[in-house]
Amino acid sequence: MFDLLPHILNGLTLGLLFALIALGFMLIVGLMEQINLAHGSLFALGAYFAMQLMGPRPPFPADLAQSWLALPLGWRYAATLILAPAAVGVVGIAIEFCMRRTYGKDPLYGLLLTFGAAMVIEEMIRLTWGTRDYVLQVPQAVNGGFIFGDLIWSTYRFYAAGIAVAVIGLVWLLIEKTSFGATVKAGAHDSEIVRALGINLTRLRLLVFVFGTMLAAIAGIIVAPIWGIRPHMGVDAVIPAFLVIVLGGVGSFWGAVVAGLLVGLAVGLSGAYASEWSLLSMYVLLVAVVTFRARGLWGKKSVLEA
Amino acid sequence: MILQVEAVDTFYGETQALFGASLSVERGKVFALLGPNGAGKTTMLRSILGLTRPRRGAVRFDGREVTHSPTHEIARGGIGWVPDDRRLCPTLSVARNLGIAQKRTKFRSWTVKEACEIFSPLEYLMERECENLSGGEMQMVAIARALVGSPGLILFDEPSQGLAPKIVGDVLATIRRLRNEGVASLVVEQNAEIALSVADQAAVIDRGRIAWNGDAATLRDDRGLRQRLLGVH
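Line by line, the protein sequences are chains Z and P.
Everything in the first sequence is counted per my numbering, starting at 87 for the first residue and increasing by one.
Everything in the second sequence is counted per my numbering, starting at 87 for the first residue and increasing by one.
Take these hints with a grain of salt, some might be off.
[Claimed, not checked] In silico EDC-like pairs for lysine to aspartate or glutamate, Cα to Cα no more than 16 Å straight-line: (1) K263/Z with E213/P; (2) K192/P with E267/P; (3) K252/P with E223/P; (4) K189/P with E159/P; (5) K199/P with E209/P; (6) K263/Z with E215/P; (7) K115/P with D286/P; (8) K271/Z with E217/P; (9) K271/Z with E215/P; (10) K191/Z with D89/Z; (11) K191/Z with E262/Z; (12) K115/P with D308/P.
[What the hints assert, rightly or not] To list a few chain Z residues with every Cβ distance to chain P over 10 Å, as calculated: (13) L194; (14) G216; (15) V257; (16) L287.
Hints listed in this document are in silico derivations from the structure and should not be mistaken for laboratory results.
Glycine is no exception: its CB is placed at the ideal position from the N, C-alpha and C atoms.
Whenever a hint applies, use it, and build me the whole structure from the sequences.
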């Protein structure tokens with residue numbers, strides 16, 4: 087049992103990351119009934135933007151770049167955590183503008199459109215940064231490892247899990263405890279009445295979508311130092327995100343979080359016994375869930391079941 | 087006039103639902119729009135709110151043409167809506183349903199507290215989720231939701247539908263009370279007797295056309311006219 091502890095901890099931290107990756111995806115599917123297949127590509131884009139900002143050639147004019155590079159690493163990292171998601175948010179605005187015409191129609195249109203957007207973003211990444219792997223620099227404080235018991239633990243994993251918990255908590259507060267969240271929920275339930283109450287639904291949907299894309303970017307930045315940065319990382323992220331959403335039940339906030347932890351544990355524990363099977367276990371789980379319970383564990387209804 | 091609807095033609099796809107329909111509601115007065123099911127009463131309300139946009143004609147609210155304004159701007163001008171099926175958000179509490187509807191207009195502002203003074207039971211229902219309310223309670227919340235939006239005019243769609251007589255009485259008393267506070271109402275009803283008991287002005291709509299328009303008292307007192315326009319009663 088005690089031998090398993092590192093694997094369980096590993097699985098739980100991984101699960102929190104899965105939940106973090108799924109968060110923006112969940113927000114958009116739960117509140118707008120749109121499946122944003124570009125989520126993974128926006129996740130990757132967040133990581134690339136962050137890498138560019140943290141790297142030796144930041145995307146600024148020469149003198150600004152000099153003063154930027156003169157800042158301590160920790161400061162640059164903190165600023166990057168805001169700047170990179172903001173830049174991805176701008177891409178989100180563009181996608182939302184294209185998506186407007188699909189609202190209220192078959193979700194398939196939005197799905198196809200975002201699939202197209204995903205392809206475009208991934209190719210743009212290849213064109214801009216090529217196919218090589220990159221590494222995202224992180225501040226010394228969250229780098230390296232520490233010894234606990236007889237084992238060496240990675241500091242970054244715990245930092246990443248902590249950020250995941252914080253972001254999940256903040257998003258929960260926003261959608262459950264604020265008037266903004268209530269308005270967004272009411273808008274997903276009945277768009278006409280919300281407009282007739284004097285609420286600008288067009289702007290509200292834009293805000294939700296952009297917020298969802300920014301969450302994708304944050305997840306990308308946090309996960310990048312663990313998984314590495316390469317063009318395909320988006321696809322690697324969108325599958326677990328999809329699994330977590332479906333398993334948790336579309337629109338169920340805590341369902342997604344619990345499902346994230348479950349998937350993380352499944353991957354972590356199967357990794358303990360047969361590491362080559364651990365990724366496969368996730369895909370098998372996805373197929374099984376969609377086959378037997380597409381509404382997930384806590385879902386009331388699912389976009390998939392219509 | 088707080089509301090003027092001028093010769094609107096409204097369509098659902100290719101099916102025309104309103105044919106040159108006009109009506110005007112005076113400031114602070116109650117207007118009853120009567121007619122059988124499918125005559126175009128709800129379509130009139132949807133045309134006013136821009137939810138189903140008229141293809142021809144004009145809608146003027148508070149002296150401003152709103153025919154082509156987005157729905158949320160029309161609402162922000164000071165029009166409240168109490169739909170026939172209430173349309174509360176079922177997963178949100180009463181307090182949240184009212185909270186998201188609060189806004190300021192040029193008309194008298196209503197706080198949630200003031201709305202609760204009209205419907206005293208609301209005070210105890212605040213934390214209840216709307217899916218767990220009775221029909222009468224939902225109607226109270228729907229009216230309170232329109233009120234906290236500080237309207238100059240409230241559109242009531244079949245306010246008596248599916249309610250017990252006692253509650254219908256409460257709803258009518260509320261419409262009268264709002265009238266005293268200067269809030270105008272446009273009440274759409276199949277039940278002419280109920281609507282005429284509170285109305286100053288009235289119109290009868292039949293297959294998308296306004297068939298009669300005048301003082302509510304005339305229609306209330308003239309049994310023969312009522313029979314001719316509305317069949318029974």
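Against the structure, the hints:
A distance of roughly 13 Å separates the Cα atoms of K263/Z and E213/P; the hinted pair therefore holds under the 16 Å criterion. Between the alpha carbons of K192/P and E267/P the distance comes to roughly 14 Å, so the proposed pair stays at or under 16 Å and holds. The straight-line distance between the Cα atoms of K252/P and E223/P is roughly 12 Å, inside the 16 Å bound, and the hint therefore holds. For the given pair, K189/P sits about 12 Å from E159/P by alpha-carbon distance, which is consistent with the 16 Å threshold.
Under the criterion of a C-alpha separation no larger than 16 Å, the hint pairing K199/P with E209/P is consistent with the structure, at around 8 Å. About 14 Å separates the Cα atoms of K263/Z and E215/P, which keeps this hinted pair within 16 Å; it holds. For a cut-off of 16 Å, the pair hint linking K115/P to D286/P stands: about 6 Å separates their Cα positions. Of the pairs offered as hints, the one joining K271/Z and E217/P holds, with about 14 Å between alpha carbons and a cut-off of 16 Å not exceeded.
Proposed proximity of K271/Z and E215/P is supported: the alpha carbons are some 13 Å apart, at most 16 Å. About 52 Å separates the Cα atoms of K191/Z and D89/Z, which puts this hinted pair outside 16 Å; it is violated. Between K191/Z and E262/Z the CA atoms are separated by roughly 27 Å; this puts the pair beyond 16 Å, and the hint is violated. Of the pairs offered as hints, the one joining K115/P and D308/P is violated, with about 21 Å between alpha carbons and a cut-off of 16 Å exceeded.
In this structure L194/Z is separated from chain P by more than 10 Å, as the shortest Cβ-Cβ distance comes to about 22 Å. At the 10 Å boundary, the C-beta of G216/Z stays outside the reach of chain P, the nearest C-beta of that chain being 46 Å off. The claim that V257/Z is not at the interface with chain P holds, since no C-beta of that chain comes within 10 Å of its own (minimum 17 Å). Listed as outside the interface, L287/Z is inconsistent with that label: its C-beta sits roughly 7 Å from the nearest C-beta of chain P, within the 10 Å cut-off.
Against the hints set out earlier in the document, violations occur for numbers 10, 11, 12 and 16.
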